Amino acid sequence: MILTEQEFIRCAQRNKDEAFAYLTDAYAQKVYGSCLQMLRNTEDAEDLVQEVFTSIYLSLDSFGGKSKLSTWIYAVTQNKAKEFLRNKNRLKRKGSLTVLDEYSEGFSGATINFNHPGVQLEDKEKAQVLFRAIDSLAENQAEAFRLAKIEGYSYAEIAEMMELSVSSIESLLFRANKRLRIILGDFYNKSRS
Amino acid sequence: MKEEQQWIEDIVSVSERIKTPEIPMDVLQRIKQIPSRAKSTVDLVPKRTIWLVAASIAALVAINIYASRTTQTTNESSNSFGETYFSHLKQL
Numbered sequence: 368m369i370l371t372e373q374e375f376i377r378c379a380q381r382n383k384d385e386a387f388a389y390l391t392d393a394y395a396q397k398v399y400g401s402c403l404q405m406l407r408n409t410e411d412a413e414d415l416v417q418e419v420f421t422s423i424y425l426s427l428d429s430f431g432g433k434s435k436l437s438t439w440i441y442a443v444t445q446n447k448a449k450e451f452l453r454n455k456n457r458l459k460r461k462g463s464l465t466v467l468d469e470y471s472e473g474f475s476g477a478t479i480n481f482n483h484p485g486v487q488l489e490d491k492e493k494a495q496v497l498f499r500a501i502d503s504l505a506e507n508q509a510e511a512f513r514l515a516k517i518e519g520y521s522y523a524e525i526a527e528m529m530e531l532s533v534s535s536i537e538s539l540l541f542r543a544n545k546r547l548r549i550i551l552g553d554f555y556n557k558s559r560s
Numbered sequence: 053m054k055e056e057q058q059w060i061e062d063i064v065s066v067s068e069r070i071k072t073p074e075i076p077m078d079v080l081q082r083i084k085q086i087p088s089r090a091k092s093t094v095d096l097v098p099k100r101t102i103w104l105v106a107a108s109i110a111a112l113v114a115i116n117i118y119a120s121r122t123t124q125t126t127n128e129s130s131n132s133f134g135e136t137y138f139s140h141l142k143q144l
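Order-wise, the sequence lines are chains A and B. Each residue of the first sequence is one higher than the last, beginning at 368 in this note's numbering. Each residue of the second sequence is one higher than the last, beginning at 53 in this note's numbering.
Watch out, some of these pointers could steer you wrong.
[Said to hold, decoys possible] Among chain A residues calculated to face chain B with C-beta under 10 Å, some are:
1) 371
2) 419
3) 425
4) 442
5) 493
[What the hints assert, rightly or not] For lysine-lysine, the following DSS-like pairs were computed, each having C-alpha atoms within a straight-line distance of at most 30 Å:
6) B:54 x A:516
7) A:397 x A:545
8) B:54 x A:435
[What the hints assert, rightly or not] Partial list, computed: chain A residues near chain B (C-beta under 10 Å):
9) 413
10) 487
11) 490
Honestly, the hints are just simulated from the structure, not real lab data. No experiment lies behind these values; they were computed from the predicted model shown. Note that CB positions come from ideal geometry on N, CA and C, so glycine has one too.
The shape of chain A in the complex, shown without the other chains:
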C-alpha cells in the first residue's frame, strides 16, 4: 500500500508509530541501498541506515508534506551520510595511523575493497571498475548516474531530490554517460599499453 503525502501526514498525526512502521516497510530497502552507495562499506551502511531512521522518527512531526516523502527521506539520508563521513574523516585525522584514502587516489581501476551485495558474482570485478569510474565523475553527474542507473529512481524523482528540472537531469545523465565512456576508454588503453 502506497500512501500519498497527505495520507501519510494524517496517519502520522493519528499514530506516529504506525506511520513509522509504514516508512520502514516502504523505504528501509531503498535507504540501505543509498547508504551503501554513499559509504561503500557494508558495516557503515548498516549503522547509517539506523541513524537515518532514528532521525526520521524524531523529526516525523516536522514533515509538512511540502516535498515527496521519498525526497525528504533521501535528503535526511544524504545529510546523515555527509555527517557520518565528516566524523569518520575527523577520526582518521586524529588517529596515530595514517590511513590512505582510497578514493583520493583518482581512477586507476584498482579494486576497491567493497563488495556490493546487489552485484552478481560474475560482475564483481566489472562492478569495481564501474564504481571507480563513477567516483571519477563530477559530483552531480555521479549522483544523478547513481540514482538513475543503480538505485533505479525515475527522472522525476531524481529531479526533486537534486532540486533540478527533469530536462537538467536528462542532460546531466547524458554528460555523465559520455564522460564515463571517456574515463573507461582511457583506463582500457592505459591497462593495455
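We have chain A already, so just place chain B on it with the hints.
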C-alpha cells in the same frame, strides 16, 4: 576500437544488473525497535523529577514577582515621603 567499445559497454551494462541490496534482517529489526527505544530514552528522566523541576521553577518565578512588587511599593512610599518633606521645606 571495436573491442574497446565492447569492453566499455560491458562495464557500463553492469549498472543495469545491480539489484537493490537486501537489508539484513537484524538491521531491519533494530530499525523497527526505534520507537520503543526512543520512548525508553525519554522515560530515563522520571515524571516525578520533571514535575519537581517544573514546580521549583514556578516557585522561583512567584518569589521574584512578589519581591519586585514589594520593592515597587516601598519605592513609591519613600518617594511620597520625600515629596512631603521637601514641599514642607519650601514653605519654610
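Results for each hint:
no.	hint	verdict
1	371	violated, 23 Å
2	419	holds, 9 Å
3	425	holds, 7 Å
4	442	violated, 18 Å
5	493	holds, 5 Å
6	B:54 x A:516	holds, 24 Å
7	A:397 x A:545	holds, 27 Å
8	B:54 x A:435	violated, 44 Å
9	413	holds, 5 Å
10	487	holds, 6 Å
11	490	holds, 5 Å
Violated hints, listed in ascending order, are 1, 4 and 8; each of the other numbered hints is respected by the structure.
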